[in-house]
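Enquirer: If you want the building blocks of each chain, they are given just below.
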Amino acid sequence: MAPSPSSASNTAATPDLASRIQDRPVGPGRLLTLRTSVDEVVSFRGSFVANPDPAAGDGLRQKLTVSLLDKGTEQRDRFALARVLEDCGATLNLSSDGLFVEMSGQALIDDLPRVMDVAAEMLRTPAFDPEEFAKARAQVAADIQRRMEKTAAQAAAVLSQRLFSEGHPNHSPAPQTLLERLQGLTVEDVRQYHDRHFGATEWRLAMVGDLEHDAVASVVGEAFGGWVSHEAPAVYEMEAAPEEVGRSVVPMPEKSNVDVRLGHALPLRRDHDDYPALYVGNYILGGNFAARLMSTVRDEQGLTYSIRSSLSGVTTQYAGSWQTSVTLSHDTLDEGIAATRDVIRAFVSEGATADELEDKKTTITGSYTVGLATTKRLAQSILTNAERGFDVSYLDRFPEEIEALTLEEVNAAVQRYFDPEALQEALAGTRPETIEA
Amino acid sequence: MATPTTAPPRDIPAAFEYQESSDGIECYRLTENDLRVLLLPQDGAPVVTSMVTYHVGSRNEHTGHTGATHMLEHLMFKGTERYHKRTGTSIFETLQRVGAKVNASTWLDRTNYYEMLPTEHLPLALDIEADRMRGALIDPADVEDERTVILNERDRNQNDPVSRLFDEVWAAAFTAHPYHHPTIGWKSDIESMTPGDLREYYDTFYWPNNATLSLVGEFDRGAVLHNVAEHFGVLDTAPNKIPQVTTEEPEQTGLRRVTVRQEGQLGAVLMGFKSPPALEADSDALDVLARILASGKGSRLYRRCTDQGLTSDVFGINFRLRDPGLFSVFAYLAPEQDHQTVEDALWETIEDVQENGVSQEELDRARSQLRAQIAFDRDGPMRVASQLNEALAAGDWKLYTQYLDRLNDITIEDVQRVAQLYLNDEACTIGRYVPTS
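Chains as they are written, first to last, in this note's numbering: chain W, 1 to 437; chain H, 438 to 874.
Careful, some of the hints might be misleading.
List of simulated lysine-lysine pairs, BS3-like, C-alpha gap at most 30 Å [to be verified]:
(1) W/K63 / W/K150
(2) W/K150 / H/K624
(3) H/K624 / H/K734
(4) H/K734 / H/K538
(5) H/K734 / W/K135
(6) W/K150 / H/K734
(7) H/K538 / W/K150
(8) W/K150 / W/K135
(9) H/K711 / H/K522
(10) H/K835 / H/K678
(11) H/K538 / H/K522
(12) W/K63 / W/K135
(13) H/K522 / H/K624
(14) H/K711 / H/K734
(15) W/K63 / H/K711
Simulated from the structure, these hints should not be mistaken for lab results.
Being a predicted model, the structure only gives us computed values, none of them experimental.
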């Protein structure tokens, strides 16, 4: 007999982060610092709320604006900015993520002051040189074109269009639409977007590693002191607007498999009391390699390499969705979709078992501990927690919350929120004769 | 910095012979069967990464059996007598149940299986790895199921024109040496591989004396070594000598070209130059050259190509392999650019380094970047294990610990010399991806 992993403690280990995190206002924002035992390295992640208007195409404006931040500031040209980072091997990434603009990176602790200076300069005083704008626009176009080649990206986008209106942050416009909009954007649009949407609104920064709390606060205060909030209001749609249940197909020539998404909208928010139960319920269905979908459709039936289900785009502010993604070969397409639907139906009608729940509790709490093993992941967890408006103590409470769930709570949540008959289908790939929209 | 070999740690179980230490990593030999064990204790999260590296990769495969390494890796998850799905103890389910991050990978020179998990569950991981080292079932029904899965995985790779481009360039660059074929194997070989073929491959290469167990993270040395001896000590040494690869690639005497035509949006160019084995000092200089050419916005190719709107992205990659490999320059074309213009710009940049060398400032910057990268790669046990894995594959785990010292020996003359020696058209294979839309 194999030794039973039941030696695993069923009492979730508390990571004990809250007591070690210093959370304080610094300059115009909030700084959360955590010292760990890593040598020399510090990871950081920060964000502010930009409040883009998705219906007005602000998603693209924001992406383009962010892509220009490292292309020169009022003080330094793009090469001088890059050189500061490259001379010390530090990384600094600026990205657009829905309502937020984020910055993240890693540096040796001695290099943190110059890295923060550069980050603040890029966010606050970008130059928006017209020549750089033209290049950045071409780069964004190339990114979009590259995404057009990916079956997964195409399937995800068409599913989002079935579930959310254009004004919803989870709506992904068709790549062709984005390319057309992109051509109409000018450097003046980007400058205006920066003026109206960039600022210290809900500015938060998490910093983790070989650090002294006060020293980091002083570095961050110096770099970001005086940065003011913007006044752009939140104007996005918060609820889903699903189409009638059906199927969308993106035909893509010369692809030897088909990416399939099944999904429907979810009304609950991340801070809803039912969320942990639903999260665990979904995890039992398709959260990892050992979940039902993978063990049935891949392991038993050999129909796919990869199948997952997830709660996607669920935030404290707006509605998200429940999605299952599976890649299938042409000759197993119908069989694969039917098998996937069978597993989902059986799961929703019969529910999870007590063993499955205990298994996944151990899995989720164990993987939570494992996920906190790097400074980068810690910084990300601390920031995400703060963005949701949760207190730092939630980082320690999360495993306890999962452990406390009962089978009845999980199955009640699954039946309340998951509806197999409401699943929309989105397919992207080479269109065999059997696929009909 | 690498440290000289230090006195052996005390209280080592009698089953082990201490061999050496380097930069905190201790190397032991399990005397019963020659299993090599590397330990790197790290404070921090109560997490450990356990990894078994087998010194077998697609380099060891013969014509007709390509893909055996990868196919066997899939079968290694299908179970043993003690860990099997039919008893509810599949390897994935058992490990993921305790929150482990579990996976495996194959590559030209090695195969590795790894788990990052809460330290309290390390004995479980060791038990599973020891059990499947000699107890894999390789059931014919499982082989058929996995064949479908692997063909689907291969299809997905083939969908990506860049993945296909890399395969084509390596196939053209290597005519005799087994780096010629992709690790996933040729389709016809995957289709015709029998369970007997895989059993033979397993029985040839999967033995303790052809493997290294690496443990990185928070653990007690004595307790862990006792555990390793308990689980792995019962295994026999290989009954036959492990076969070695003796084929050497004949010298290339002229430029080779391949073209991939496939549906897509943006073209690409890949230049592969024959490069020395990973352990040779010239490989360090080529790492530095790759940084100077294409790492960051201050790099030569970024300034000459991406910044000038010729490419949307450009990369320099020195594949450090056990046998001579390929130093590669890869570029995505910007929209509206043609392959020849980009190729000319790549050659012009390379020739400039060959003729005029690089500056001390460029070398210092490349070294600073690599120094920071080494510190970042110590952030969390998984990253350390991953780096160690590649050093093991190259033929010496100390390549990981001594890398910084090796870099410090490089001069600007070395960088110019390796550019002249290796980056010439006679030893070059150029691949073009030409989108057909």
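Enquirer: Against each hint, give a clear statement of whether it holds in the structure.
Expert: We went through each hint and held it up to the structure:
no.	hint	verdict
1	W/K63 / W/K150	holds (20 Å)
2	W/K150 / H/K624	holds (22 Å)
3	H/K624 / H/K734	violated (40 Å)
4	H/K734 / H/K538	violated (34 Å)
5	H/K734 / W/K135	holds (14 Å)
6	W/K150 / H/K734	holds (27 Å)
7	H/K538 / W/K150	holds (26 Å)
8	W/K150 / W/K135	holds (23 Å)
9	H/K711 / H/K522	violated (45 Å)
10	H/K835 / H/K678	holds (25 Å)
11	H/K538 / H/K522	holds (19 Å)
12	W/K63 / W/K135	holds (14 Å)
13	H/K522 / H/K624	holds (28 Å)
14	H/K711 / H/K734	holds (26 Å)
15	W/K63 / H/K711	violated (40 Å)
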